[in-house]
Structures are given as structure tokens and as C-alpha cells.
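Taking the hints into account, I'd like the entire structure generated from these sequences.
Those protein sequences? They're chains A and B, same order as listed.
The first sequence: position 99 = 317 (this note's numbering), numbered continuously.
The second sequence: position 110 = 1270 (this note's numbering), numbered continuously.
Since the hints were derived computationally from the structure, they do not count as laboratory data.
Which residues of chain B face chain A? A few of them, derived with a C-beta cut under 10 Å, are:
1) Val1174
2) His1408
3) Ile1410
4) Gly1414
One side only, chain A facing chain B, incomplete, derived with CB under 8 Å:
5) Phe241
6) Ala323
7) Arg324
8) Gln329
9) Gly341
Bear in mind that the values here come from a model prediction, so they are computed numbers and not experimental data.
Every residue, glycine too, gets a C-beta built ideally from N, C-alpha and C.
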Amino acid sequence: MTMIGIDPPGRNAVEVRGLGRVFTSKHGPDHVALDGFDLTVGPGEVHGLLGPNGAGKTTLCKILSTVLLPTSGTAKVDGFDVVADARRVRPVVGIVFGGDRGLYARMTAGQNLRFWAALYGLGRREARRRSEALLERVGLAERTDSTVETFSRGMKQRLHLARGLIGDPRVLILDEPTVGMDPVSAHEFRDLVEELRGEGRAILLTTHDMAEAEALCDRVSFIDDGRLLRCEEPRVLGELLSKHERVRASGVADALAERIAGLDGVEALRRNDDGSILVETNRYGAALLVLRTLVEAGVGDVSTAPPTLEEVYLHLIGDRGMAVRS
Amino acid sequence: MTLASTTAAAAMRVQLGEFRREPGSLLTLVNAPFFAVVMLSITEHSGRDDLAVYALLAPVMMTALGMAVFEAGESLFRDRQAGVLEALLTTPGPLWAIVLGRVVVITAISLIGIVECWLVGALGFGVVATVPHPLVFAAALAATAFGIAAAGALMASVFVVGRNVRSFQNSLSFPLFLLGGVMVPAAMLPFGLDVASKAFFLSWATDLLRDSLTPGPVDAVAPRLLAILGLSALTLAFTSLLMRLLVHRIRGNGTVGFA
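Now the structure itself:
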């Protein structure tokens, strides 16, 4: 296995200090996408950037991959400033943008990868060798000679990942890489991220999938409105997910609903327009207690779900204020 | 091989592939024989057989320059629309090398127009083009191709900034044909345009190409070739500078990913 390390060891893969980005518009108010944002990604670390749509995740990725200039603050990748040393940043960083744009649709997967390989200075033989290896790695070897326009969205995402790796980057930025992937592909993708971590690459992974962040990351930063809310170990995220589990049930009489609302660990109970109830918990094991109560009362239509990202955010801010740990 | 050369070579392969997959982008070559018919009809019916060389060369130059200016711009426009431009700018490969690689292929393909137009002349009008000064013609043609590629790259660089330059692209061709002395020798242009045309490589190029196709001595070949090459190199240097400025601008205003 090839080990790709940050040189010299100990230098941060990504270091962002007070980063700001304001988009000005002739036809409306300015939009602040990043506001004094701080972030550190250590060598070989998988760092999750978790936030809702419009939080500033993609803006940060674009700045780190040198396609967008910040309006304030600094950002360094592998020790190189993304503004002053952009030419030195590009060979060490690989970016996988979300969505299915950014590929030549009428070229084959192999042709696409060989083209991008040349842009990293690889000769034709090495480009071919690395393209084949990467297509094998992302599970597209059998589609090497198929044009990209015939690919599903998930397959395009996998090809994007191969493109991001073609330059053998020390730092990999994955901007919502599993969007559009089916569950099996998403699972395989997670295995691949583990492999890349094993090779010593630093990875910045943006997502709004909390389970994905919990499963893959060494640390998770929570971003909203362009600001860093918290930086935590994924264990904290896991705790929030299980602590604030929700239970949904249909056919629950008012008296039973009242009894459930009074159970220890039940934070809120509301009745939806369709007559079902939604129970929010705030203590480990409370969801189990609610489930047991419902089943014992003969309610059959019951399901559980993790809290939404917005709810986790509310709990994060509400439980511990706006303290930032990096 | 340098990074720029591998990048340009890869861009050339992409452009060749696009021509294969999208024959519609070769439409300008379909128009070339029709231009030749128009031009040759005028000279023939006005009894000016001495101007047949002009009539043969004009559609060739119009095809080559038109195709370079249009297709080079279009290639970058399509890259932008497909979100490829954004990904290109994250790589170490220089954008100017990508554009140059593409436009070199476009220019080379556009020279098929020579064969088309001269076949029209020979088969339709009995005008057989002779080349009394083949070496001068070959040198002038190579220098002209370099200039046309530079002009195409310049046009493509404008497409870096965005989506509203197509009308500019459409209306640019004719003034370039005029200033380049494609249809009328630049020396015959009124309103000081003859002087302005001296700053444009194409006026030197068309004059030298015409002279190479006309019996009689050709004067000052070397200085005229140097003028074509020098002005083309200046165009290319300006293109590189402009492209760097425009890329910096779109990185600044955040419009790289706009389709």
C-alpha cells in the first residue's frame, strides 16, 4: 500500500483562520457565505463538515481547491496559501464536487480519466495505468469504455471520485460525495474512504448525512450560516443521535398519548395533521420505553427515526451554547 | 514533457474526439465551397479572371478564421456549461495550454477548406490554382495558421468570463475579415483602415499568400513572415495575460461554476 503523507509530518493538511467570503450582488443584498471561519484538518485525518444546505460548506471547498478567492482571512492546504501559492496547492489537493456536472459526457470513463491525468502532468502510459487502477477501485472497470452520458448519477459520482484521486492528492476534499448514490454504493464508498485514510491521506468530507459523518470521521465540525458552531468527536454526534431519537405512531388515543407525554425522558409530543403522534426524547433509553408502552397498549403502526440535522443543531446550541472547540 | 505540453496534447485529443462525435461543429467547412462559388461567380461574370486567386483565397481564410474564432470560443463555453471549467481550474494544468491545444486542432482541421475551395474552382469554374512560389506559400500558410490559432485562443479567453459574449463573437467575424484583407486587399481599405490593418497579422498573411500564388517575384518575404509571426506571438502573449486576468476575476466574483 502506498503511503501518502503530509510533508513534513505534523504540518496540518488544512488550516483555515478567520476565513470570510461575501458574494456581492447588483440586484440584491450581499450574501455572507463564510464569516470568520476556523478549521484545522490534521495529517491523515478524516474531518467531517456537517451542515444544512447553504451553510457554507461548498464555498469552503471551492476556496480550498483554489477556484474561489476568499474576501478575508487565510486558508492553507499542506502549508501552501490558497491565494498566494495556488499553483503549489493544486498538485496536492483533489476535489470531488457534488452533483453530476464536471465531466465530459460524450467521452468514455477511461478517456475522461486519462484527460484529467494529463492535467496533472502524467504521461500517456502512466495516465492509462492509473486510470485503469482507479476505475477498478471505484467499481467502474467494466464501464471503462462506456460514455459518461450513459451513467447513472451514482456512477458519475464514483467517476468523480476517481477523477479527484487521479493526481494522487495528499489532501482530498469530498463535497457531498454520496448524493445520488444508492445505499450499496454509499456503503462501498465509505469503505473506500477508510482505505484512503489508511493510505495517510487527509480528507475533508462535507455532508448533511449525520450517520455518514459519524461512521467515517475522526472529528466533525458543525457549520451554519458560514460560522463554525462546534468541532466535536463523532462520538458526540452519535450520542446526540441516540439521545434525541424520535418515535412516530398512528392510532394512538388521547389518553395513551397523555401517558406517553408524561414518561421520563420524553421531551415533547405532538399530534400531526394525519392523526399520528411524534414523540421526541432527550434521554438514552427513553425511546425504548415509549416503544414498549405503545406496543403493550396494542399500537402496531410504530417507527423510530433519528433526529433531523436541524434538531441536532438546536440541541447542540441549546445544550452547550455557542462554544467553539477546534 | 512539461506540464503545459501534456496538457495541450490532452486537449488536442479531446478536441479531435469532439469533432468525431459532433460533426455539427464542422458546419463551417460545409459553407466554404458555397463562399467559393459566390466569389468565383463574381470574378468570372465580371470578366476579371486576374482576380481568381483573390476569389479562391478569401473563402479559405474566412473558413479558417471563422472556425477558429467560433469553435475555440464554443469549446470553452461548453466546458463552462458542463461544469468542466470549474474542475479544470482546480488542476495544475494551465488553462491557456488547454485552449491552445484545442485551437491548434481546430485550425488544422479548418485548413481542409483549401482543398474544398480549390476543388470548387477547378471543377466548377475551370480555375486551376497554381502555386508559383511553393516555399513562400508553405511558409506563409504555416505562419498564418499560427496567427489564426492565436486569434482563436484570444476569442476563447473572452469566454472565460461568461455567457453574454456570444453576440460579440457572432458580430466579430466580419470586421476581422475586413481588417485582415480577406476579400479586399487591406491597402485598398478607406478611412485609415488600411493603416489599422497593419497591426493585424491577417492583413500581412493574406497579402503574402496572394503574392505566393501570383506569378512574378515576391518582395521582402522574410520581413513579411516576421511580421506575421511577431504579431501572432504578440496576440498569443496578450491572450495568456488576458486569460490570467479573467480567471482571477471569476475566482474573485465567484462565477466560475456559473453555466
